[in-house]
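Visitor: Sequence:
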Amino acid sequence: MNIKNENLYFLPLGGSGEIGMNCNLYHYKGKWIMIDLGVMFSNSDLEPYDILMPDIDFIIKRKNNLSAIILTHAHEDHIGAVPYLYSEFADTPIYTTSFTASVLKRKFDSDDKNKLNLKLFEYNKNFNIGSFSVQICSLTHSIPEPNAIILKTEKGNIFHTGDWKIDPNPLVGPPIDENEIKEICNDGITAMICDSTNVFNENPSGSEFEVRESLKTIFSEKKKGKIIITCFASNIARLETILKVSDELNKCCFFLGRSLHRIYESAIENNYLKQFNNIIDEKDAKVINDDDLVIICTGSQGENRAGLSRIVNGNHKNLNISSEDLVIFSSREIPGNEKQINEIKKEIMKTGCDLLDHKNSMVHVSGHPSKKELKTMYDWVSPKSLIPVHGEYRHLKEHHAFSKICGIKDQILVENGDLVLIDNNKKTIINNKIPAGRKALKGNKIIPANSKYFQNIKKISSDGQLFINVITSTDNDLKAEPVVYCPTLALDEEDIKDFKSYLKKEIISISKTCIDDNILCNEIKIIARIYIKKKIGLKPSTIVEIIRI
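The number in our numbering is simply the position in the sequence shown, starting from 1, with 135 added.
The hints are simulated quantities; they were obtained by calculation from the structure and are not laboratory data.
None of the values given here were measured: they were computed from a predicted structure.
No incorrect hints appear here.
No more than 25 Å apart at the CA atoms, straight line, and that leaves these computed lysine-lysine pairs for DSS-like:
#1 K668 x K632
#2 K359 x K485
#3 K418 x K357
#4 K139 x K562
#5 K647 x K635
#6 K519 x K539
#7 K358 x K485
#8 K640 x K669
#9 K481 x K359
#10 K196 x K164
#11 K532 x K506
#12 K640 x K674
#13 K357 x K421
#14 K544 x K510
#15 K587 x K668
#16 K480 x K358
#17 K594 x K669
#18 K317 x K544
#19 K357 x K494
#20 K198 x K240
#21 K480 x K359
#22 K568 x K166
#23 K480 x K357
#24 K562 x K519
#25 K480 x K351
#26 K577 x K242
#27 K421 x K480
#28 K506 x K519
#29 K507 x K519
#30 K632 x K669
Computed beta-carbon distance windows for the label pairs:
#31 D652 x L253: 53 to 61 Å
#32 S596 x N450: 22 to 30 Å
#33 E473 x K539: 28 to 36 Å
#34 F344 x K418: 31 to 39 Å
#35 G672 x E473: 28 to 36 Å
#36 K260 x D192: 30 to 38 Å
#37 K494 x L253: 37 to 45 Å
Built from N, CA and C at the ideal position, the CB exists for glycine as well.
Produce the entire structure from the sequences given, and follow the hints as far as they go.
Guide: Have a look at this one:
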């Protein structure tokens, strides 16, 4: 692999070339640090899995040299894979904030919580992890306690931003401290590894304060019917905004969705959202007047099993949607989710109720930096080189070009698996390519996403599956009509009857010349697939079993 112990390396295994499942490795003097370990959710019902995570076999093989896992904040695309993969790292310490630790612990079974080796950050202090000197810098984002990670070595200093924006009035948590960032970066930053999600936006992402003022107007003007508002469960500032505005207008709020309840518990545990007494349970939500009810629900990305979908599709036993209601999407569309979001919006509009989203109202602000915010951060940090991460390739390319316009001396485009050499005295370069990929969760097993298993599932879902059972004697005399089972094929009883007759004739013909059962099975598969292809235009996955009596 040509990884030299004395070198400082950056290695993204997830989140570079995609939005989601962030995982970044840093190496120095034979030791590694991992920053974030997230997931990506399937955005299609056709996918045979729900969750994707980075293939981290590279670092699992070197786990004895992994000094720590650092989590920048509590979003799923940064911590979601930890419950599934942490067992691979035994007692490796996880460094994070109190709020992120609370969210993470709720993802583990009670027995596994005790195995978590959690260490809480100490702000404004340098501390050592392995061969790195580490410092944490508080930023602002759409969730409490987001942080940049500063790694200092003799070879160079790194400023890893995590997710961030510049919110002058974040409402939950302190604003970004410009002076603190400048002071931390006084020793010079060799490479800034930076969020690219919102790079196509020219203007500042906006403040949560603007959303609060807008929702106050919208809520106050809604006199008849209930308000159904969907947002990212982890957006504590948005939850506080909705609760506060509702409270001021004497409206009660009901949380619908398990992730909302878990996040709320973590928020209370860390002294967020404690001041509100207008949160009610489902029993009260069922009987309260619609004019006084605000339902805060999951499902802003159109997920089938989320709270919003359950209400809209009539799958909730106590709550429904009517023409007098107002539905608000207080969120952005994650790339790839547009189709399913549009589908649920179409169903909402059919009810005759009003619908607001970020395209027609100030009901959401992004948690990621626009170009103006990026330029401001460049000025504060003054990095020698810029490495864009956390974005699809088009985001990374745009960020790369923009940083050059802004006067950053050196920039480099990377994708998952690129081993980047960082050195104060040299140009930042891709030094090697490391195998990187995706793994998927199926049931409780983690399987490579490109495995034959998933290819077979996709084949079955598109072309169906056919089972044929042949009962014959040792002398190749058929003892019964072939048994055909094909519930995933569009064949009626008459079709199956004709198919069995055809099979019977062909099996009698070919069984005399087949020297063993393996060859006979393959021949039956071929003739069966040719027949089905002619009949319905599909080539199903076919399994043939021969029983000799």
